[in-house]
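In the order they appear, the protein sequences are chains A and B. Note that our numbering has the first sequence beginning at 1, numbered continuously upward. Note that our numbering has the second sequence beginning at 1, numbered continuously upward.
By construction, these hints were calculated from the structure, which means they are not laboratory data. From a predicted model like this one, the values you see are computed outputs, not experimental measurements. Errors might be hidden in some of the hints.
A short list of chain A residues far from chain B (calculated; beta carbon distances all over 10 Å) [stated by the list, open to error]:
no., residue
1, 47
2, 80
3, 164
4, 167
5, 168
6, 218
7, 246
8, 270
9, 275
10, 291
11, 337
12, 358
13, 364
14, 371
15, 375
No more than 35 Å apart at the CA atoms, straight line, and that leaves these computed lysine-lysine pairs for DSBU-like [as the list claims (entries may be wrong)]:
no., chain 1, residue 1, chain 2, residue 2
16, A, 306, A, 389
17, A, 300, B, 109
18, B, 428, A, 355
19, B, 37, A, 62
20, A, 285, B, 298
21, B, 374, A, 62
22, B, 193, B, 109
23, B, 428, B, 374
24, A, 355, B, 358
25, A, 355, B, 109
26, B, 76, B, 358
27, A, 355, B, 314
28, A, 355, B, 393
29, A, 355, A, 279
30, A, 355, B, 374
31, A, 209, A, 306
Over the 10 Å line for every Cβ pair with chain B, so calculated as not near, a few chain A residues [as the list claims (entries may be wrong)]:
no., residue
32, 7
33, 10
34, 88
35, 156
36, 163
37, 191
38, 195
39, 249
40, 254
A virtual CB, placed ideally from N, CA and C, is assigned to each residue, including glycine.
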Amino acid sequence: MSNTETLNSDITIIGSGMAGMTAAFFAAKRGLSTIQIGHPTCFSLYSGFLDLLGVFPTETQKPVDDPWKAMDMLIQTVPKHPYAFIPKQDIRTAFDMMLSFFESEGLSYVCHGDANAQIITPMGTLKPTYAIPIAADNSYSAFQKKAPTLLLDVYGLKDFHAKQIFEVLRSTWPDLRIQHSVFPETEHLREVYPEHLANLMDMPSYREKWISTVKPYIKNIDYLGLPSILGIRNHHSVFSDIQAQLGVHVFEIPTRPISIPGIRMRHCFEHRLSALDVKQFFQQKVTQVSEESNGNFLIKLDQSGKELTIQTRTLILATGRFMSGGLRADYQTIHEPVFHFPICQPNNRNLWHEKAFFASEGHAINKAGIEVNRVFQPISESGKPIKEKVCAIGSILANHDWMRMKSGSGVSIASAYAAVNFLASKL
Amino acid sequence: MNTLSTQVLIIGGGATGTGIARDLALRGIKCILAEQKDLNAGASGANHGLLHSGARYASDDAETASECKEEGDILKRLAPECVDSKGGIFVAVEGDNEEYIANFDSFCKRAGLPCRRLDIQEAREMEPLLSPNMIAAYETEDASVDPFKLSAENMHHAQDLGSTLLRHTQVVGFNKSNNRIQTAQLLDMRTGKTILVEPEIVVNASGAWAGIIAAQAAAPIELLFSKGTLMITAERLTQRVINRLRKASDADILVPGGAVSVIGTTSIRISTLDDIRPTVEEVNFILEEGSQMVPSLKTTRYIRAYAGVRPLVKTKAVTDDRSVSRGFALIDHSSDNVDNFVSITGGKLTTFRLMAEKTSDMVCKKLNIKAPCKTKEVPLPTSHAGQWTEPAKGPKQWIMGYNPTDSLLCDCEMVSKIAFDHIIDAIKEQDPMPDLIGIGIRSRMGKGPCQGCFCSARIAGRLYERDMLHHDQGIQEIRAFLEERWRGLRPILIGEQLMQAEMTEALYCGFMCLEFLK
Ligand SMILES: Cc1cc2nc3c(=O)[nH]c(=O)nc-3n(C[C@H](O)[C@H](O)[C@H](O)COP(=O)(O)OP(=O)(O)OC[C@H]3O[C@@H](n4cnc5c(N)ncnc54)[C@H](O)[C@@H]3O)c2cc1C
Chain A
1 MSNTETLNSD ITIIGSGMAG MTAAFFAAKR GLSTIQIGHP TCFSLYSGFL
51 DLLGVFPTET QKPVDDPWKA MDMLIQTVPK HPYAFIPKQD IRTAFDMMLS
101 FFESEGLSYV CHGDANAQII TPMGTLKPTY AIPIAADNSY SAFQKKAPTL
151 LLDVYGLKDF HAKQIFEVLR STWPDLRIQH SVFPETEHLR EVYPEHLANL
201 MDMPSYREKW ISTVKPYIKN IDYLGLPSIL GIRNHHSVFS DIQAQLGVHV
251 FEIPTRPISI PGIRMRHCFE HRLSALDVKQ FFQQKVTQVS EESNGNFLIK
301 LDQSGKELTI QTRTLILATG RFMSGGLRAD YQTIHEPVFH FPICQPNNRN
351 LWHEKAFFAS EGHAINKAGI EVNRVFQPIS ESGKPIKEKV CAIGSILANH
401 DWMRMKSGSG VSIASAYAAV NFLASKL
Chain B
1 MNTLSTQVLI IGGGATGTGI ARDLALRGIK CILAEQKDLN AGASGANHGL
51 LHSGARYASD DAETASECKE EGDILKRLAP ECVDSKGGIF VAVEGDNEEY
101 IANFDSFCKR AGLPCRRLDI QEAREMEPLL SPNMIAAYET EDASVDPFKL
151 SAENMHHAQD LGSTLLRHTQ VVGFNKSNNR IQTAQLLDMR TGKTILVEPE
201 IVVNASGAWA GIIAAQAAAP IELLFSKGTL MITAERLTQR VINRLRKASD
251 ADILVPGGAV SVIGTTSIRI STLDDIRPTV EEVNFILEEG SQMVPSLKTT
301 RYIRAYAGVR PLVKTKAVTD DRSVSRGFAL IDHSSDNVDN FVSITGGKLT
351 TFRLMAEKTS DMVCKKLNIK APCKTKEVPL PTSHAGQWTE PAKGPKQWIM
401 GYNPTDSLLC DCEMVSKIAF DHIIDAIKEQ DPMPDLIGIG IRSRMGKGPC
451 QGCFCSARIA GRLYERDMLH HDQGIQEIRA FLEERWRGLR PILIGEQLMQ
501 AEMTEALYCG FMCLEFLK
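Chain B extracted, bound-state conformation (with noise of 0.2 Å):
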């Protein structure tokens, strides 16, 4: 059996994970960070995306708040790659609160968040598509953040200061002694084979399967889960991020990144983890609630919905998931007699640092080392590999670096082969197999308005020419990746997204009958 060993080994790879991984590495501490399937797997890959100026927690909870705006200055000054920051509007329609509209600024204000009345013209001015039953506008500093991006640059650099990332491996259990936990058993999902690591520390960063981590070392947590889904519009409906003005509730926000926008929330209390999907019910919910804001989210095209889970921790007797704090919770597990392990969980994208700064001083000061945190000076490092999240990459690689052997293998946003090889090569540091949804991860495949249907067997088939599939792989491979990409397509198939799903279905099924095969 294989046996590692490491000064800290961090479980799940989101945004906190990856963050703590480079908060340690830059004060020089190395660890292994096991992720069950890849980067941003869970909340980390399946959030709105919204890099919060805090106003939508300014009634309730001006500490959130602040904390909010703080982190979301640090990361537009220190990571400007990941954050599309043209500022956001508060809109209230005919029949929302007007106390709630009055009273807005000075929350704000309480805050100290920046904070600027429109007037109705103006807002329109700006935003066109907001509803012409708008009544009340205010501009705030809202920005849009690519968590992909975040949480791949997060894990680049602490690989480059020598961490080390487990894909597609899950932690199953932990072996204790005198209070302590001295080796972790992992699980490589591919290859069955077992794992064991000997850690000082373990960090428990598993997002809404903290419970399940916690409870393998007998360190119980209560966690309540509220799922959230979201739809992508094909086309990106305005420049700034549109909020509901009213108390928090669902799909009042309207995010956009890159070249579409993302509509959401929904908020549903569930009572397992396995099968998260969006629903053909929460699409019809959010498509009445967000068109009172923005009409026009009724009749655009959508390519896709999705969903994810946000761990909120129990802590006293709770009614509505969204007045649970939604803050984090960092657990020192000395008091459950496990003295050498730590949970994070619960927070927002947005205080990912915070969250990671906190949980990196408990583990130094369990290792008793004494290192400041710098992440609120080192500016992020974008990598090679990291920047093809980003939808304008593509297309300006693909024009400016003409190069007589390279090809477009996804048509939907340019990405070309050479694009697709370093993605690749990246993956294959790390790991000796690549996969599409490791590929897609990293990329903008299968995000277009094709949603897989040619790009898929395109990369499978680059992949197989450079040698990394054999035999059927690449077909397990492609019928992974299509029904990895059909649970955020199944409710939103109307129009021309249902065109484009039967078309793949002919293609893979009518055709190539990739059906046939278990």
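The shape of chain A in the complex, shown without the other chains (with noise of 0.2 Å):
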């Protein structure tokens, strides 16, 4: 047997967040030989929701109505903010791309029309947000009702505390209650996780006995809240047994990461990109790529002991910001440690963050990143594009901030849907 083996691909992505993930999927679906690298850990921090621009100006520290509206000032204000590059009705198409996409692999999603929701986290603060798992909207309406409501407490769930929740919205909610669970054969448990109940919600046999136990608790109620545990391969049916036994609306607030929204994601993704023969490798980390003569990029693997080559004709960087390893900080600068790509950031480390944390301009180092073109080709300081095809998308960019903006999902959805239709263009 040979220690070596070389794989050949049109497109191959690094990085398998939600931007490598859905690039992978826009890439297959068009037909394109599509390889995937990378560690889809970050899908465990994920709440789920997909947001698109929940906040303008980031100044404000306040929600916006209609994010659609707000993309026009924004695109306005900041010429080089990604959603600029990207025509509003491209974003559209690439947005009900992955809602249908979801929808089909039974992860339903809802819009309020084009205006974004409020939607309660496990703080019990509200979250602007665009898309919603079918399983939390229903939060949306019991708190836009305030309808009579039980929020479920369980026992050992460490990252999830249902009296905080009503504390926080009990002034503006009087028929928000609660009510503390034990769930099924977790009694002699010191600590619960999100994962290990999801796992045993997704058993028919086990779910009869955790309604049961649940089922005195639904007396004068509409609404039946939980922290998100329903399921993971198998929430549409969790989600649906339970509200058509327990009679009431059900929806879930995520938890503080282990989040299951964000698995039930992943599994998503895993399971569709795999039916379309994208070859995916995980646990994997691309230290270099090299260049071929003929323009083809080599990217060497050690797939335990053997050696893999891949060669590929385009490609697509989606490695994340500092929690990815996509961009990395040293004390003298920020660098991006694949293609070394140029990093636009602030001129010293005293710039990087503001004095306070939660400071209403955001820290400057959360818009550092790499400037692309309009068609996500990384950038030289002259704007020629460093690499034809090569591109950069999701979070690695530069001139936004996710975080503030709320925007993450949107910003890597669009980009991906924009540079695999450039890379595309090239084969």
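Please assemble the complex out of the two chains, which come individually in their own frames, going by the hints.
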């Protein structure tokens, strides 16, 4: 047996967060032979909400109602914002494609027309977001109507406190109540984890047991709120099943990470991408990419002792920011470790962060990143594309702050769509 | 209005103030201690934690050096739980002053300090991370001290003996007549309510703030402020305290404490006490200087930085802050026509007991009470609630004390719900509203790599569960806690700690929108 293997692809995507996964989906859907490399751990941090644009201008620290309208203003004020490079119609198309993709994978999303909705977080605060997993969306109507609602606390779950949500919301929501509960078969445990509970809930027999313990609490309420643990792979049936059997509307509030809604998304991607024949190499880190004379790229991976060479005609860099390793910072500068693309950044470390963590303008470092042109090719200081067939997408891009603007998924999806379209035209 | 009367009102809940509270309590004198924030909010919570052997002062100030030795020995004997005495090494690297190196042991001998010359090989075996450019080394008796535990236990003991702690209570003024302070005006910083205290004696132990307090009684003290910044590594780099073998200077001490090490300090003259925080420039400077002694200081991960202020009592024209007396100033304000007012400031953590003794002697004299000081003989008791600042305590409790209703709220430092409940209960005895920053001071909360990312929300959740927080108070608490951590994080954010900070922002801003609340 040979110890080396070579794979060829039209497009290789480095990174497997929201941007990388979406790009792999768009590429494979277009019929491109697609390879994806990365580690999709970041999904366990996602709330499952798909943000488009929640706050603008950042300094207001206030939610915007209509993200599409706010986007017009954003593009005018920040002409280098990634949204400024993509026709609005394309952003809509890309978003719609993703929503129907999730739908077809059993993960339905709800939008409230063109408007953002304010969804309850595990802190009891409200977050403006654009597309909401159906299981979370009921919290929106429950809150709007201030309907009689019971929040279920789960014994041993450390990153969800029904009491806190209740306290924060109760002055505006008199009909909100809480109930402590112990999940069956976890009575002996000091701590329970969302993944554990969600896996249990995936099993119909367990669900039966759970429903019978919860049923007695269902009195004089229209809605039942829970931490998001309603299954992973069978989420759809878990959700409809318990709504039917309990006879009330049910909603989930995402827990602080580990967060199940993100893990559900990851499963949808992994399932569909493998069906579309995308070759995924997870638990792999790309340290170097070399370029051949014919313009193709070579990436070497070590597959447990076996050397794997990937030869690809085009590349997408979607390696995220610091947390995911797409950007690195030392005492002097911020750099990008794979291609060493220039990073647009403040002049010195003293300018990276504001004195206050919650500073209204946000931190300058969060707008640092790779500058690209209108087709998402990284550009040099003179504005010229650095590599003809490489695009950068997602949160690694400069000139946006996804955390303060609440635009993470939107920027990822939109830039993935635009970059895949461009690179496909190059093939 | 609430009026309290007391024998002694102590202002300031640092090592000195709590030390005096205990000293007086052991002599049968009850006090009220008023602290504007919380225990160790000043220099006592922002120092190096070095229990000086005296060797650092041996060349210039033999008296201070032997004072340190004596006090260090007492503390090691009577409060061993607060001290980590693994010893120290003084190291010189290429380029350091040869004469100083050669005379070091005779300086130590003169001050009565044990000191042993090490050969380079031996020093390197003892502490492998010492610089390859090391040219000389001495072994000394330096140790580290946990200042939080020290102040907390001093205060606890005083409280057990009948004294009272008022947290979040600022002294804002005095009413004087007949050359005496008749009442002190105190402000409850959380409710905005005024409290009046009628003391027989007022002790101003407010550290760097001593001048401000004294001015309120029209008794001037002139102080200079020297700010010092320090950095905490994610791992303990050495077993012993490492000092640079040269005339005391910047960033030349590395002090281990529990699972971490602390490198510092800088010394920068400042003019006000507002907004004391470590800066990027200071951090860069400490890295350069410190790495000459221990090169890995340049590459190791840092968890945070912090800054404290040394009050230097201005006696004569001074040029170098380090040569201004680091000895303490005990001032009887009779000379300013305030007969029942005493100020104590300056000094060192190492000599806090001696400072407390001298101050208490003066207080007793004024009260006409004959009672000898007992802090040289009576061991410092350890309390149940005072033990949680110790890094090993949480993990031990979690592993040994299996309790099916417990869970870990702080994963980094392994502190469990039951442990936090103890701390919360102890605060609650004194104060109706336990706060996250106060819990942080009394435990390892927020001190590990996550710097509050996970634990702050969990402990706020616990406080909600226990009905101690209502409405959005918990959110305000978390915001305040994260802002407090941020001061120390901002200048060291690179590499992994930057990743962690990004995660915190993703969670609290990106997801939970805490920035929306004002
Ligand atoms: C950077 C640095 C490093 C140091 N390193 C060491 C070391 O390694 N070893 C060592 O032995 N010593 C060290 N020291 C010195 C040591 O920290 C101090 O000497 C000691 O902590 C002083 O304690 P204190 O109680 O006098 O003052 P502080 O701890 O400053 O206490 C004063 C208290 O008064 C309170 N206060 C102020 N105004 C009011 C008011 N109006 N009402 C109520 N309360 C008020 C403050 O909030 C504060 O808590 C260091 C000092 C610094 C700054």
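Structure-based check of each hint:
Listed as a non-interface residue, residue 47 of chain A fails to keep its Cβ farther than 10 Å from every Cβ of chain B; the least gap is roughly 5 Å. The claim that residue 80 of chain A is not at the interface with chain B holds, since no C-beta of that chain comes within 10 Å of its own (minimum 21 Å). Not every CB of chain B lies more than 10 Å from the CB of residue 164 of chain A, the least distance being 4 Å, so the non-interface label is violated. Non-interface call for residue 167 of chain A relative to chain B: violated, since the shortest CB-CB distance, roughly 6 Å, does not exceed 10 Å.
The Cβ of residue 168 of chain A does not lie farther than 10 Å from every Cβ of chain B; its closest approach is about 5 Å, which violates its non-interface assignment. No beta-carbon of chain B comes within 10 Å of the beta-carbon of residue 218 of chain A; the shortest separation is about 23 Å. With a closest Cβ-Cβ approach of about 25 Å to chain B, residue 246 of chain A is found to remain outside the 10 Å limit, as its non-interface label requires. For residue 270 of chain A, the condition that its CB be more than 10 Å from all CB atoms of chain B holds, with the nearest at approximately 23 Å.
Every C-beta of chain B lies more than 10 Å from that of residue 275 of chain A, the closest at about 30 Å, which supports listing it as non-interface. For residue 291 of chain A, the condition that its CB be more than 10 Å from all CB atoms of chain B holds, with the nearest at approximately 29 Å. Interface exclusion of residue 337 of chain A from chain B stands, the closest Cβ pair being 12 Å apart, more than 10 Å. With 10 Å as the threshold on Cβ separation, the claim that residue 358 of chain A sits away from chain B is violated: the shortest Cβ distance comes to roughly 5 Å.
Every CB of chain B lies more than 10 Å from the CB of residue 364 of chain A, the least distance being 12 Å, so the non-interface label holds. Every CB of chain B is more than 10 Å from the CB of residue 371 of chain A (nearest about 20 Å), matching its label as outside the interface. No Cβ of chain B approaches the Cβ of residue 375 of chain A within 10 Å, the least distance being about 27 Å, so the stated non-interface status holds. Proximity of residue 306 of chain A to residue 389 of chain A is assessed by CA-CA distance (about 28 Å); at most 35 Å being required, the pair is judged to hold.
For the proposed pair residue 300 of chain A and residue 109 of chain B, the alpha carbon gap of about 64 Å is over 35 Å, so the pair is violated. Under the criterion of a C-alpha separation no larger than 35 Å, the hint pairing residue 428 of chain B with residue 355 of chain A is consistent with the structure, at around 32 Å. Distance check on the hinted pair: residue 37 of chain B and residue 62 of chain A sit about 32 Å apart at the alpha-carbon level, within 35 Å; holds. Our distance criterion of 35 Å between C-alpha atoms is met by residue 285 of chain A and residue 298 of chain B, whose separation comes to about 26 Å.
With a CA separation close to 60 Å, the supplied pair residue 374 of chain B and residue 62 of chain A exceeds the 35 Å bound. Straight-line distance between C-alpha atoms of residue 193 of chain B and residue 109 of chain B comes to about 56 Å, which puts the hinted pair past the 35 Å bound. Between residue 428 of chain B and residue 374 of chain B, the direct Cα distance comes to roughly 29 Å. Compliance with the 35 Å bound is thereby established for this hinted pair. Annotation: proposed proximity of residue 355 of chain A to residue 358 of chain B is violated, straight-line Cα distance about 41 Å (limit 35 Å).
A hinted pair counts as satisfied when its Cα atoms are at most 35 Å apart, and residue 355 of chain A with residue 109 of chain B does not qualify at roughly 47 Å. Distance restraint check for residue 76 of chain B and residue 358 of chain B: the Cα-Cα separation of roughly 20 Å lies within the 35 Å cut-off, and the hinted pair is therefore satisfied. Restraint check: the Cα-Cα separation between residue 355 of chain A and residue 314 of chain B comes to about 32 Å, which is no more than 35 Å; the hinted pair holds. About 34 Å separates the Cα atoms of residue 355 of chain A and residue 393 of chain B, which keeps this hinted pair within 35 Å; it holds.
In summary, the hint linking residue 355 of chain A to residue 279 of chain A is not supported, as the alpha carbons are separated by about 45 Å, beyond the 35 Å threshold. For the proposed pair residue 355 of chain A and residue 374 of chain B, the alpha carbon gap of about 46 Å is over 35 Å, so the pair is violated. Proximity of residue 209 of chain A to residue 306 of chain A is assessed by CA-CA distance (about 47 Å); at most 35 Å being required, the pair is judged violated. A cut-off of 10 Å between C-beta atoms confirms that residue 7 of chain A is not in contact with chain B; the least separation is 31 Å.
Its beta-carbon lying about 33 Å from the closest one in chain B, residue 10 of chain A satisfies the requirement of being farther than 10 Å from that chain. In this structure residue 88 of chain A is separated from chain B by more than 10 Å, as the shortest Cβ-Cβ distance comes to about 24 Å. In this structure residue 156 of chain A is not separated from chain B by more than 10 Å, as the shortest Cβ-Cβ distance comes to only about 6 Å. A Cβ of chain B approaches the Cβ of residue 163 of chain A within 10 Å, the least distance being about 5 Å, so the stated non-interface status is violated.
The beta carbon of residue 191 of chain A sits about 5 Å from the closest Cβ of chain B, which is not more than 10 Å, so the claim that it is off the interface is violated. With a minimum CB-CB distance of about 16 Å to chain B, residue 195 of chain A clears the 10 Å threshold, and the non-interface call stands. Consistency note on residue 249 of chain A: stated as away from chain B, and its beta-carbon is indeed over 10 Å from all of that chain's, at 24 Å minimum. A cut-off of 10 Å between C-beta atoms contradicts the statement that residue 254 of chain A is not in contact with chain B; the least separation is 8 Å.
In this structure, the earlier hints numbered 1, 3, 4, 5, 12, 17, 21, 22, 24, 25, 29, 30, 31, 35, 36, 37, 40 are contradicted, and the remaining ones agree with it.
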